[in-house]
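K.L.:
What follows is the residue order along each chain.
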Amino acid sequence: MTAPLLAVERMTIGRPGAPPVVADMSFRIGAGERLALVGESGSGKTMSALAVIGLLPAGFRVTGGAIRFDGVAVDTAAPAMRARRGKDVAIVFQDPMTSLNPVMRIGAQIVEAIEAHDPGIDRAAARRRAIELLDAVRIAKAAERVDAYPHEFSGGMRQRVTIAIALANRPRLLIADEPTTALDVTTQTQILALMDELCRAHGTGLLLITHDLGLAQSCCDRICVLYGGRVMETGPIARVLARPDHPYTAALLRSVPPGDRDVEWLEPIAGEPPRIQADGRRCRFAGRCAHRFERCLSHDPVPVATGPDAMAACHLLQPSAGRGP
Amino acid sequence: MIALAPSADLLRRIFASPMGAIGGALLAIVLCAAILGPLVVAGDPLRQFLRPDRIFLPPASDALFGTDNLGRDVLARVLAGMRLSLALATAAVAVGLAIGAALGAFAGLVGGIADRIIVRAMDALMAFPVLILAIAVAVAFGRGPQGIVVAVAFVNVPIFARLARSQTLRIVAMPYMTAAEILGCSLWRRLWRHLIPNLFNPLIVQGTISLSFAVLIEAGLSFLGLGVQAPRPALGLMIAEAKAFIGIAPHLVLFPSLGIVAIVVALNLVGDAFAEATDPRRARP
Amino acid sequence: MSPPDAPPLELSQLSLRYPGSGRDATPVVRAVSLRCDAGRTLGLVGESGSGKTTLARAIFGMVPAASGTVRVFGREWTDLDAAARKRMRRRVQMVFQDPYASLNPMMTIGEAIAEPLVVHGLGDRAARAARVGELLGLVGLPADYASRYPAQLSGGQRQRVAIARALSPGPELLVCDEPVSALDVSVQAQILNLLKSLQQRLGLAMLFISHDLAVIRFIAHAIAVIQEGRIVEQGPRAQVLDAPRHPYTRALFAAGLTRSIGAAAAGAARIPDDPGLGRTT
Numbered sequence: 000m001t002a003p004l005l006a007v008e009r010m011t012i013g014r015p016g017a018p019p020v021v022a023d024m025s026f027r028i029g030a031g032e033r034l035a036l037v038g039e040s041g042s043g044k045t046m047s048a049l050a051v052i053g054l055l056p057a058g059f060r061v062t063g064g065a066i067r068f069d070g071v072a073v074d075t076a077a078p079a080m081r082a083r084r085g086k087d088v089a090i091v092f093q094d095p096m097t098s099l100n101p102v103m104r105i106g107a108q109i110v111e112a113i114e115a116h117d118p119g120i121d122r123a124a125a126r127r128r129a130i131e132l133l134d135a136v137r138i139a140k141a142a143e144r145v146d147a148y149p150h151e152f153s154g155g156m157r158q159r160v161t162i163a164i165a166l167a168n169r170p171r172l173l174i175a176d177e178p179t180t181a182l183d184v185t186t187q188t189q190i191l192a193l194m195d196e197l198c199r200a201h202g203t204g205l206l207l208i209t210h211d212l213g214l215a216q217s218c219c220d221r222i223c224v225l226y227g228g229r230v231m232e233t234g235p236i237a238r239v240l241a242r243p244d245h246p247y248t249a250a251l252l253r254s255v256p257p258g259d260r261d262v263e264w265l266e267p268i269a270g271e272p273p274r275i276q277a278d279g280r281r282c283r284f285a286g287r288c289a290h291r292f293e294r295c296l297s298h299d300p301v302p303v304a305t306g307p308d309a310m311a312a313c314h315l316l317q318p319s320a321g322r323g324p
Numbered sequence: 000m001i002a003l004a005p006s007a008d009l010l011r012r013i014f015a016s017p018m019g020a021i022g023g024a025l026l027a028i029v030l031c032a033a034i035l036g037p038l039v040v041a042g043d044p045l046r047q048f049l050r051p052d053r054i055f056l057p058p059a060s061d062a063l064f065g066t067d068n069l070g071r072d073v074l075a076r077v078l079a080g081m082r083l084s085l086a087l088a089t090a091a092v093a094v095g096l097a098i099g100a101a102l103g104a105f106a107g108l109v110g111g112i113a114d115r116i117i118v119r120a121m122d123a124l125m126a127f128p129v130l131i132l133a134i135a136v137a138v139a140f141g142r143g144p145q146g147i148v149v150a151v152a153f154v155n156v157p158i159f160a161r162l163a164r165s166q167t168l169r170i171v172a173m174p175y176m177t178a179a180e181i182l183g184c185s186l187w188r189r190l191w192r193h194l195i196p197n198l199f200n201p202l203i204v205q206g207t208i209s210l211s212f213a214v215l216i217e218a219g220l221s222f223l224g225l226g227v228q229a230p231r232p233a234l235g236l237m238i239a240e241a242k243a244f245i246g247i248a249p250h251l252v253l254f255p256s257l258g259i260v261a262i263v264v265a266l267n268l269v270g271d272a273f274a275e276a277t278d279p280r281r282a283r284p
Numbered sequence: 000m001s002p003p004d005a006p007p008l009e010l011s012q013l014s015l016r017y018p019g020s021g022r023d024a025t026p027v028v029r030a031v032s033l034r035c036d037a038g039r040t041l042g043l044v045g046e047s048g049s050g051k052t053t054l055a056r057a058i059f060g061m062v063p064a065a066s067g068t069v070r071v072f073g074r075e076w077t078d079l080d081a082a083a084r085k086r087m088r089r090r091v092q093m094v095f096q097d098p099y100a101s102l103n104p105m106m107t108i109g110e111a112i113a114e115p116l117v118v119h120g121l122g123d124r125a126a127r128a129a130r131v132g133e134l135l136g137l138v139g140l141p142a143d144y145a146s147r148y149p150a151q152l153s154g155g156q157r158q159r160v161a162i163a164r165a166l167s168p169g170p171e172l173l174v175c176d177e178p179v180s181a182l183d184v185s186v187q188a189q190i191l192n193l194l195k196s197l198q199q200r201l202g203l204a205m206l207f208i209s210h211d212l213a214v215i216r217f218i219a220h221a222i223a224v225i226q227e228g229r230i231v232e233q234g235p236r237a238q239v240l241d242a243p244r245h246p247y248t249r250a251l252f253a254a255g256l257t258r259s260i261g262a263a264a265a266g267a268a269r270i271p272d273d274p275g276l277g278r279t280t
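Protein chains in written order, with numbering that gives the first Met the number 0: chain A, 0 to 324; chain B, 0 to 284; chain C, 0 to 280.
Take these hints with a grain of salt, some might be off.
[Claimed, not checked] Pair ranges (Cβ atoms, derived): (1) 12(C) <-> 58(A): 35 to 45 Å; (2) 18(B) <-> 142(A): 39 to 49 Å; (3) 15(B) <-> 142(A): 24 to 34 Å; (4) 130(B) <-> 17(A): 20 to 30 Å; (5) 101(A) <-> 246(B): 30 to 40 Å; (6) 21(C) <-> 89(B): 23 to 33 Å; (7) 58(A) <-> 110(B): 33 to 43 Å; (8) 34(B) <-> 129(C): 46 to 56 Å; (9) 21(B) <-> 58(A): 19 to 29 Å; (10) 111(A) <-> 278(B): 52 to 62 Å.
It is worth saying that the hints were derived from the structure and are not from the lab.
Every residue gets a Cβ at the ideal spot worked out from N, C-alpha and C, and that includes glycine.
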């Protein structure tokens with residue numbers, strides 16, 4: 000069996016001396032697969048994505064576990080990662096206003112990405128490729144607009160440019176961190192459709208970071224639900240959203256206003272997502288979980304396989320707990 | 000009543016960090032030395048002993064910091080000099096802050112032509128080198144500490160004005176200001192309860208930076224003979240007087256310099272700790 | 000005094016220019032007519048750039064009308080003298096989008112909630128303290144939170160404080176501008192339930208602005224859709240939801256549905272790059 004494109008195994012991220020912001024995180028993406036990392040604030044989803052591409056903020060380090068590309072463990076914080084960044088794995092960020100350099104023409108920014116991994120390329124050839132990329136992301140009149148500055152574009156168009164930069168070197172994995180959150184609803188749909196089409200065309204894998212379950216469902220095959228820096232549940236997306244095994248996933252689904260029918264009251268989850276990661280052994284969601292019992296407050300839940308490609312970390316699912324699902 | 004009261008928790012946060020703790024301790028020493036020192040230490044900064052056995056005494060002899068070329072007690076002079084430096088710097092920065100912040104906040108609130116005039120005026124003021132200005136004041140009003148205060152205040156006005164203006168623009172755009180208007184607050188109440196309390200922290204941060212610069216500027220100007228005149232002690236002046244004797248009595252240059260360094264480092268450390276503790280990015284949990 | 004049966008809010012052919020722009024600038028709100036009835040919630044659906052924020056400010060008399068009128072309880076802001084304006088401010092209040100920026104960081108929670116009472120001279124110190132406690136209870140926060148500062152509270156808690164503050168002068172009309180968009184998903188439901196229940200208990204008229212259709216569906220009795228400064232569709236919620244007439248409304252619904260959970264599996268509607276939608280994105 001071939002090794003998956005990306006395998007994160009029991010990864011822990013934190014500042015030395017402080018409780019980890021992400022612990023025991025495991026997920027994998029096969030070639031061309033799409034995985035959604037879904038969670039609220041404090042869930043560790045962004046940190047996990049940044050660790051994969053080696054862009055953790057100052058002070059934060061991967062302190063445990065492994066990140067494997069094609070089965071080979073890689074130190075993403077090492078300088079050698081730069082050869083991969085932009086070439087094997089690329090990233091699109093949330094805010095198109097700040098992820099483009101305002102004083103550089105967009106063509107130049109795309110060329111910069113191309114030349115970073117192909118230093119010998121002739122400038123004219125790089126420019127032609129930049130125009131092709133702008134075309135591929137559906138920017139009208141690409142040949143004219145290649146010399147425009149970012150401020151001359153709307154938010155949605157800027158996001159298309161960042162996608163063009165990310166896909167310039169045909170990466171095998173695209174990480175998208177809340178790529179549409181800053182955009183209007185109708186623009187969001189177009190951008191997602193674009194990413195969908197381009198990823199399919201080139202067989203690019205997608206790691207989508209989002210807080211929006213509906214977005215994840217429309218875009219991805221599999222989902223990994225995070226809370227408080229831990230994985231709560233993983234599995235094929237249709238199944239997880241239709242029949243969640245983890246109380247958090249279930250509670251989250253119940254709390255979202257349903258757009259397709261009328262309800263009198265919503266079912267909120269009491270309390271708030273954790274702001275600061277606490278230490279100690281217990282389920283991170285226990286404080287807000289309607290089904291908690293003693294063990295939840297004294298032991299970390301162990302991941303349990305709930306299907307051929309699915310798992311959940313909840314004490315309710317442990318046969319020894321004495322309280323079955 | 001204006002809420003300055005995050006202070007209890009804020010003070011704790013400032014002095015809990017290593018930088019804040021060291022800076023705070025140093026500042027406490029500096030302040031005690033400067034304010035109380037002259038009262039406690041026996042020596043007289045002005046009294047001369049023109050006898051061969053009393054001049055150029057090394058430190059840790061009869062006089063703790065030694066004596067200078069005129070037999071004067073260096074410790075007493077350094078303490079008096081530190082007191083003077085702090086007093087002049089504080090006066091200058093206070094004046095600069097008061098005038099500058101008022102101008103800047105006014106410009107930010109009113110906008111339009113008045114704003115543009117004030118901004119241009121501040122730009123012009125910023126171009127003034129403090130040295131030339133101090134000399135000009137000395138020529139116009141005679142030498143002495145007042146010239147230093149005027150010159151340093153002058154160069155601080157545009158600094159505080161720009162800061163106050165940009166902060167005012169930021170604060171006025173905040174939803175809580177709109178909320179205050181929607182609640183029915185009068186303009187005066189909005190300024191007094193919502194704008195001014197939120198200007199404090201950034202102004203204080205800048206104030207500590209300006210203070211430490213002011214101390215350095217004062218030392219530099221008095222080194223050039225533009226501040227208090229001999230025989231009164233000023234740290235820069237003492238260094239200037241002592242440079243002729245640096246071969247035989249280096250302690251005469253060393254101790255006033257240490258005095259300047261202690262004040263500046265203390266102010267910088269505390270100022271940085273304060274800036275970190277009040278960093279608006281901490282507001283988001 | 001207001002005409003007795005005047006609706007809490009009525010906009011007639013209102014056009015607004017962006018504050019500070021000149022006479023010839025294109026209006027950011029164009030010929031908008033809206034009505035919010037007593038005790039009912041009007042949901043205003045619009046995206047960024049649709050003019051909804053400027054509209055909200057105009058409701059409070061903070062943006063002069065280029066043409067048309069804004070009537071709050073039957074009165075126009077321009078007809079009121081200073082004292083009457085101040086009295087009117089007790090009747091209309093607002094909850095803002097960003098819970099991190101809508102509370103003064105230098106004021107305690109108690110001071111923030113009590114401020115409208117102080118400003119309007121409602122009660123002495125003891126009475127104000129009692130009312131603060133009552134309001135904190137109403138929004139589900141413990142009474143001892145009155146001595147805390149906003150920095151010590153989470154986003155959801157701050158939004159509750161903002162609601163308590165808005166309710167403190169006893170308004171009859173509440174404008175909510177994207178009140179849950181900046182909150183975590185698991186917290187949004189709490190605040191939405193709170194707003195809905197308060198609206199029912201206190202009989203408030205509410206103008207609820209949001210880009211999220213699912214939220215509007217949950218909370219509004221009537222719906223208006225705004226696109227680039229114009230109301231393109233308006234009516235009772237059932238009518239707008241079941242039979243949207245304007246292409247923009249339909250596009251919004253389709254986009255929203257593509258992302259509502261469960262609908263996607265059936266094959267989401269693809270939004271064509273339709274120039275008719277008005278903007279090249």
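K.L.:
Determine for every hint whether it applies to the structure shown.
P.N.:
Each hint tested on the structure:
1. In this structure, residue 12(C) and residue 58(A) break the distance hint of 35 to 45 Å, their C-beta atoms being roughly 57 Å apart.
2. The hint said 39 to 49 Å for the Cβ distance between residue 18(B) and residue 142(A), and at roughly 55 Å that hint is violated.
3. One distance hint, 24 to 34 Å for the beta-carbon pair residue 15(B) and residue 142(A), is violated here, with the actual separation near 59 Å.
4. One distance hint, 20 to 30 Å for the beta-carbon pair residue 130(B) and residue 17(A), is violated here, with the actual separation near 48 Å.
5. Taking the beta carbon of each, residue 101(A) and residue 246(B) are about 58 Å apart, not inside 30 to 40 Å as hinted.
6. Under the hint 23 to 33 Å, the C-beta atoms of residue 21(C) and residue 89(B), about 48 Å apart, miss the expected range.
7. The hinted range of 33 to 43 Å is satisfied by residue 58(A) and residue 110(B), whose Cβ atoms lie roughly 41 Å apart.
8. Take residue 34(B) and residue 129(C): their Cβ atoms lie about 47 Å apart, and the range 46 to 56 Å holds.
9. The beta-carbon spacing between residue 21(B) and residue 58(A), approximately 21 Å, falls within the hinted interval of 19 to 29 Å.
10. Taking the beta carbon of each, residue 111(A) and residue 278(B) are about 33 Å apart, not inside 52 to 62 Å as hinted.
Of the numbered hints stated above, those contradicted by the structure are hints 1, 2, 3, 4, 5, 6 and 10, listed in ascending order.
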